[in-house]
Amino acid sequence: MRVKIERSGGFAGLTQVVADYDTDDLPPAEAESVRQALAALAGGTEPHPVGADLYTYRITADGETYDLSEDPSRVRATPLGTLLAPGG
Numbered sequence: 545m546r547v548k549i550e551r552s553g554g555f556a557g558l559t560q561v562v563a564d565y566d567t568d569d570l571p572p573a574e575a576e577s578v579r580q581a582l583a584a585l586a587g588g589t590e591p592h593p594v595g596a597d598l599y600t601y602r603i604t605a606d607g608e609t610y611d612l613s614e615d616p617s618r619v620r621a622t623p624l625g626t627l628l629a630p631g632g
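Residue numbers (the numbering used here): 545 to 632.
These aren't lab readings, by the way, just hints derived from the structure by calculation. Mixed in with the good hints, there may be bad ones.
Restraint-style ranges between C-beta atoms, simulated for each label pair [said to hold, decoys possible]:
#1 572 / 598: 32 to 38 Å
#2 600 / 545: 20 to 26 Å
#3 548 / 576: 15 to 21 Å
#4 576 / 556: 34 to 40 Å
Note that beta-carbon positions come from the ideal geometry of N, C-alpha and C, so glycine has one too.
Based on the sequences and whatever the hints tell you, model everything.
Below, the structure written as C-alpha cells:
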C-alpha cells in the first residue's frame, strides 16, 4: 500500500511531502505498524489543537485521505509518528 504524507502550515505556510513509501518495501513488522496506525486514524482523531503556525498533515493511503493537525511535542507518540517514521 502506498502511503504519502504532506505537511502544510508552519511559519512559512509551505506544503511539502514529508513521507512517501510503499508498505511492500518495509519489513513485515513495520508494515503492520503502519496498517495499525492507519486503522487508528480511520477510527477517528482527537480534536485539532488550535494555534498559529501549527502544521497540518494530509495522509493518503489505500484510496483514503486523512487530514489532521498535531502538537509537535506529541507527534512521535501518535499514529502520525508511526506513519512518518515506520522504522522508529
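Structure-based check of all given hints:
The supplied range of 32 to 38 Å is met by residue 572 and residue 598, whose beta-carbon atoms lie about 34 Å from each other. Residue 600 and residue 545 have their C-beta atoms about 22 Å apart, which keeps the hinted 20 to 26 Å range intact. The beta-carbon spacing between residue 548 and residue 576, approximately 19 Å, falls within the hinted interval of 15 to 21 Å. For the pair residue 576 and residue 556, the supplied restraint of 34 to 40 Å holds, since their beta-carbon distance comes to about 35 Å.
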